[in-house]
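Protein chains: 2
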Amino acid sequence: MAAENCIPDWLTRQVLAGSKNIALVTGVNEGQSYTWADLQSRAILMSGVLSGQGVGEGDRVAVLLGNGSHFVEIFHALIQLKAILVPLNTRLTGAELVWQLQDVGASYLLYDEQNEAKVAEFRPQLSDLVFLRADNLANLPPAEFTLREWIDLSELHTIIYSSGTTGQPKGVRLTYGNHYWGALASSLNLGNQRSDKWLAVLPLFHVGGLSILFRSLIYGIPAVVHESFDPVAVNRAIETGGVTIVSVVATMLQRMLDQQGAKPYRLHLRCILLGGGPAPLPLLERCQAISVPVVQTYGMTETASQFATLAPEWAIRKIGSAGLPLQPNALRIEREGQSVPVGEVGEIVVRGPTLSPGYDRRSEATARAFREGWFYTGDLGRVDAEGFLYVVDRRDDLIISGGENVYPAELEAVLLSHPAIEEAGVFGLPDEKWGAVPIAVVKLRAGETVETQALLEWCATRLARYKQPSRIIFRDLYLPHNAGGKLLRRVLREEYSIHGDDKVPN
Amino acid sequence: MAAENCIPDWLTRQVLAGSKNIALVTGVNEGQSYTWADLQSRAILMSGVLSGQGVGEGDRVAVLLGNGSHFVEIFHALIQLKAILVPLNTRLTGAELVWQLQDVGASYLLYDEQNEAKVAEFRPQLSDLVFLRADNLANLPPAEFTLREWIDLSELHTIIYSSGTTGQPKGVRLTYGNHYWGALASSLNLGNQRSDKWLAVLPLFHVGGLSILFRSLIYGIPAVVHESFDPVAVNRAIETGGVTIVSVVATMLQRMLDQQGAKPYRLHLRCILLGGGPAPLPLLERCQAISVPVVQTYGMTETASQFATLAPEWAIRKIGSAGLPLQPNALRIEREGQSVPVGEVGEIVVRGPTLSPGYDRRSEATARAFREGWFYTGDLGRVDAEGFLYVVDRRDDLIISGGENVYPAELEAVLLSHPAIEEAGVFGLPDEKWGAVPIAVVKLRAGETVETQALLEWCATRLARYKQPSRIIFRDLYLPHNAGGKLLRRVLREEYSIHGDDKVPN
Chain A
1 MAAENCIPDW LTRQVLAGSK NIALVTGVNE GQSYTWADLQ SRAILMSGVL
51 SGQGVGEGDR VAVLLGNGSH FVEIFHALIQ LKAILVPLNT RLTGAELVWQ
101 LQDVGASYLL YDEQNEAKVA EFRPQLSDLV FLRADNLANL PPAEFTLREW
151 IDLSELHTII YSSGTTGQPK GVRLTYGNHY WGALASSLNL GNQRSDKWLA
201 VLPLFHVGGL SILFRSLIYG IPAVVHESFD PVAVNRAIET GGVTIVSVVA
251 TMLQRMLDQQ GAKPYRLHLR CILLGGGPAP LPLLERCQAI SVPVVQTYGM
301 TETASQFATL APEWAIRKIG SAGLPLQPNA LRIEREGQSV PVGEVGEIVV
351 RGPTLSPGYD RRSEATARAF REGWFYTGDL GRVDAEGFLY VVDRRDDLII
401 SGGENVYPAE LEAVLLSHPA IEEAGVFGLP DEKWGAVPIA VVKLRAGETV
451 ETQALLEWCA TRLARYKQPS RIIFRDLYLP HNAGGKLLRR VLREEYSIHG
501 DDKVPN
Chain B
507 MAAENCIPDW LTRQVLAGSK NIALVTGVNE GQSYTWADLQ SRAILMSGVL
557 SGQGVGEGDR VAVLLGNGSH FVEIFHALIQ LKAILVPLNT RLTGAELVWQ
607 LQDVGASYLL YDEQNEAKVA EFRPQLSDLV FLRADNLANL PPAEFTLREW
657 IDLSELHTII YSSGTTGQPK GVRLTYGNHY WGALASSLNL GNQRSDKWLA
707 VLPLFHVGGL SILFRSLIYG IPAVVHESFD PVAVNRAIET GGVTIVSVVA
757 TMLQRMLDQQ GAKPYRLHLR CILLGGGPAP LPLLERCQAI SVPVVQTYGM
807 TETASQFATL APEWAIRKIG SAGLPLQPNA LRIEREGQSV PVGEVGEIVV
857 RGPTLSPGYD RRSEATARAF REGWFYTGDL GRVDAEGFLY VVDRRDDLII
907 SGGENVYPAE LEAVLLSHPA IEEAGVFGLP DEKWGAVPIA VVKLRAGETV
957 ETQALLEWCA TRLARYKQPS RIIFRDLYLP HNAGGKLLRR VLREEYSIHG
1007 DDKVPN
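From first to last, the protein sequence lines stand for chains A and B.
Per the numbering used here, the first sequence runs over residues 1 to 506.
Per the numbering used here, the second sequence runs over residues 507 to 1012.
It is possible that part of the hints are untrue.
Below, computed lysine-lysine pairings styled on DSS-like, alpha-carbon distance capped at 27 Å [to be verified]:
| id | chain 1 | residue 1 | chain 2 | residue 2 |
| --- | --- | --- | --- | --- |
| 1 | B | Lys992 | B | Lys824 |
| 2 | B | Lys624 | B | Lys949 |
| 3 | A | Lys20 | B | Lys824 |
| 4 | A | Lys486 | A | Lys318 |
| 5 | A | Lys20 | A | Lys118 |
| 6 | B | Lys526 | A | Lys318 |
Here are some, though not all, of the chain A residues that point toward chain B, as calculated from beta-carbon distances under 8 Å [as the list claims (entries may be wrong)]:
| id | residue |
| --- | --- |
| 7 | Ile7 |
| 8 | Gln193 |
| 9 | Gly320 |
| 10 | Leu324 |
| 11 | Pro328 |
| 12 | Ala330 |
| 13 | Ile473 |
Hints were generated in silico from the structure; no laboratory data involved.
All values derive from a computational prediction rather than experimental measurement.
Ideal Cβ positions, reconstructed from N, Cα and C, are used throughout, including at glycine.
Pulled out of the complex, with its shape left as it was, chain A reads as follows:
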C-alpha cells in the first residue's frame, strides 16, 4: 500500500502517456533520439545490471560522467533502484574527487571513457569503492529486477556538492519532492507546452542541468542534451531542432549572440533561462535590442535549481531583476535578524517546497543555514516595491571599504559596459587606510586596447568614489569560473595575492 507521500512512478507514467514520444535527444549534432519506451527499456537493463553488481536501495552511487545518454540512463536506473545519485563535477582534480567520494561515503563510482585517465590516477586511494565503466555495463549479467510502482516524495534522490564558490563544498541533500516541486514551480512561471523541447548544455552534474532531466520526465517533453557547449550547435538546435527553452549562463549567451549575428532567433524559441549569478546588464540590454526572449533566474543547489525567475513579460520593465520567487516559494531580505525595508540590501532568505532538507552529515552547517523552514543563502539582494528580487552579490565577496559596502558585481557591471572590455572581475584586498579596497581584473576584447587611466575615468563618472577600483589589472586569459558559470572571485583574489603580503603586482 502506497504511503501518503507516494505518487506513481514518473517514467512509467510517461511511457503510458506516450511511449513513442521523444524523451531524449543527444549529441551536439542531435544524432540520437530516444522515445520514452527506449528510455524505459534501457533503464530496466541498466537497473538489472547494477542490481547484479549489488547496487540497492539507499546506496550512494557517484557518477563521473559527461553529458550524454549514459548519464540519462543511469539517472533513470538509480531512480528505479532507489539508490542515491551523487553527481560529481568532471572538472575537479583527482584530489578533490577523492575528498568528495570519501566525504559522501560512496559505494560505487560510475564513470565514462573520457574520465578514465583521471579515475586511474586516484583509484588506488579508494580500495573500498566499486568502480564501473558506464559504457561496459551492458556486457555485465543483469539480475532480476522489477520496476518501482511508486515514488515517495520524501525519499532522498540526490546529494550534490554545492558549487564551492565559498569555503569547503558540502553535500546538499535533495529529495524527490524537491525536484518535483522544482519542475512544478518552473511550469507555473514559464508555462508548459506539449511542443516544448528543453536544451541542456549546462553540465548534468550540476543542479541546473539535472533539473532539465526532471522537467523532461515530469512534463513528458524531450530533453536535448549536448555533451558540451558549442554556440554553433546551440543556435542550430534552436534553428532546426525545435528547441523552445534553453538554460545557459551569461558567458554562453554572450557567445551564442556573437555567433548568431544579426539573424533573429526563430519564434518558437520562447525562453532563454539565464542563471549562474547576476547577469551583466549590457548583455540583457543587447538581448532586448534584438528581441531575444531572455529571463534572468536566481537559484542554487539548495533550492533544487530555479528559486526565482523573471516572467518573460517583465523582461523589459524589470531588467536586471531575477523576478518574483516562483510560486509557491517565498523570500525575505534580512539584516541582523530583521527584515529590511523595501529597496534595502540584505541577505536573501528563502523558503518553499524545493528547499533541501539540509546538508549531508553536517548538522552544524545545516543548523546554521536552515532555520525554522527558511534557508539563509549568504547572497545579498534587495526587493523593489513590487516584490521583485535583485541579486546584488555573493555575501562572501562583499568588500567593506571605509565603512561603506562595495559590491563587486556593481563595479564589474560598470566595467563590462565599456565597449573594450570582455570580462571583468573584482575582489577586495586589505588596505591600511580603508580596511579593504576593490581591485579589478579585466580582459579586453580581441584587438581592443585601452589605457588604465581611461578605465579609471570611465568608473569615476559612473560610481561613487569609494566604489571605484583601487587598481586595474589587465590579463589575456579568461577569468576563472566554476562549471556552473559563476565567477570565482575568491580564486582571482588568491591568484593576485600570492606575491607576498597580499600585494598586487603592478
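The hints should help you fit chain B onto chain A, whose structure is shown.
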C-alpha cells in the same frame, strides 16, 4: 512564522506578477473585465464588510449565487477571511436548500437578486442564519481587515454537496491543497500557457465550475464567466473573445456544434474539456470529423474536479476513454476487494493529492468510501492494456438481468447512434423472470419519427439479447439532468414507476 504546509497567498502573488493582467471577464457579452488589482481591491472591500458582519475564520458561509462577479468577489473574500465556502446549487428547491443549510451548519447565506424569491420562501424556517444580499454588501460598513500572507494547504476551503445522482447528498470537504493540486495536475496534462483563457459556463457552485476559478488564480490567467449557457455566446467567446479552453458537458457541446455549423473553430481553441459522465460516442466522433479538440474527462466533487483526462493527442486513438489518471493521481479497478485483470469492469478506486479528506460530519460514510488513502467512487469502469480508463457507468445505475450486468450507458450509446434519437436514458425495473429488465426512454429529434419495432431491431443487431431494452418509451420532453449535466436515471425511473407496482405506462 509560516508552517510547513504554507505557501504565499495566491491573489497577492498574481497582483505582484501582473496587477494589470486580466483576471476575470463576466457577462455573456463579456462586457466587464477585472484585472488582478481590481479583484484584489474588491476582495479587500468585501472582506472588510463581511468581517464587519461577523464573518471570521472557520465560519461556514453558504452562497446561493448565479455565475458572475459577485460569486468571484465573495470567493476571494472568503479565502482572505479563512471562512469556509459552501456553494449551493441554485436549482434546488427551497426544501432541499433548507436541508443542506441545516446539515452543513451554515452561519451565513449570501444570495443575489435572482434567488431572492426562493430565499424569501424558506427564510422563516432558518431563524439563526444571517441572510445577506450580495449586491447590497458594498453599502455596509467595512471593518478593519488585513490581507492574509500565507495559505495553509491543509486548511478546509470548501464544502460542496455531492451531485446527488445517488442517495442523499453529502457535504464533501475540500482543502486548499486539494484545489491547488487540482490545478497543478490539470496543467501537467493539458499544459499551461500565458495566453490561456478558460471559459466557465458550468455553474460555479459545482466543482467543475469552481475549479476554473482556482486555475485562473493559480496560473494567473483570465477566467471568462458566463451567467448561463448560451451556445451562441460560447461560440462567440471562442471566436472573438480569445477563449482557449472551455469546460462543458455533452448536452452543451451538442448545442455548440449545432449552432456552429460547418465553420471550424479558431485554432487558438486548444481544448474542450468534456465532463459530467461518459460521453456519447457519436458526439465524440462528430467532433473528430470536424477537428474539434475535445477531450473527455472523468472527475467528481471528491477529487476536486478532473481526476483523469484524455490528453489531446490521444483523442482519436482512445476515443471514448477518459484517459490516464492525471499525474500524480492513481487508480485501480476493483471487484470484491480484488484488483481485476486488464479490460474487466469493476469499481473505479482512486487516490491522489486532490482527494477530499472525507465527508463533512459523516464519519460512517467517510469510512465506507475512503479507505487507506483510496476513494471508492461507486462508478464502474475498466482500464485497457495501456492504463487508459473507460468509465462504464455509475454503479448505482447498474441493472442485473438474469445474472448478467447491463450497463445503461452502453444501451443508451446504441440508441443515441440512431439518427432519429436526440436523447436516451435507461433504467432498470424489477421483473419476475429476470430479476430486472432495462427500460429505455427516448426523445426524438424535431421532425423525426420512428417505430418502436424499428428501434428494437436497431438494438437487436447491436447488443446481446440480455442488454436489449424490455420496453421503449417515447417522450417529448428533454430528459432530466442535474446541473453538472449528469443524466438522472434515478429520476427517470421514479417518473415512470409511480403508476403503481413499478409498472411502466404503455
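For each hint, the structure was consulted:
{"no.": "1", "hint": "B:Lys992 x B:Lys824", "verdict": "22 Å, holds"}
{"no.": "2", "hint": "B:Lys624 x B:Lys949", "verdict": "31 Å, violated"}
{"no.": "3", "hint": "A:Lys20 x B:Lys824", "verdict": "15 Å, holds"}
{"no.": "4", "hint": "A:Lys486 x A:Lys318", "verdict": "22 Å, holds"}
{"no.": "5", "hint": "A:Lys20 x A:Lys118", "verdict": "38 Å, violated"}
{"no.": "6", "hint": "B:Lys526 x A:Lys318", "verdict": "15 Å, holds"}
{"no.": "7", "hint": "Ile7", "verdict": "3 Å, holds"}
{"no.": "8", "hint": "Gln193", "verdict": "5 Å, holds"}
{"no.": "9", "hint": "Gly320", "verdict": "17 Å, violated"}
{"no.": "10", "hint": "Leu324", "verdict": "6 Å, holds"}
{"no.": "11", "hint": "Pro328", "verdict": "3 Å, holds"}
{"no.": "12", "hint": "Ala330", "verdict": "5 Å, holds"}
{"no.": "13", "hint": "Ile473", "verdict": "42 Å, violated"}
Checked against the numbered hints listed earlier, the structure breaks hints 2, 5, 9 and 13; every other hint is satisfied.
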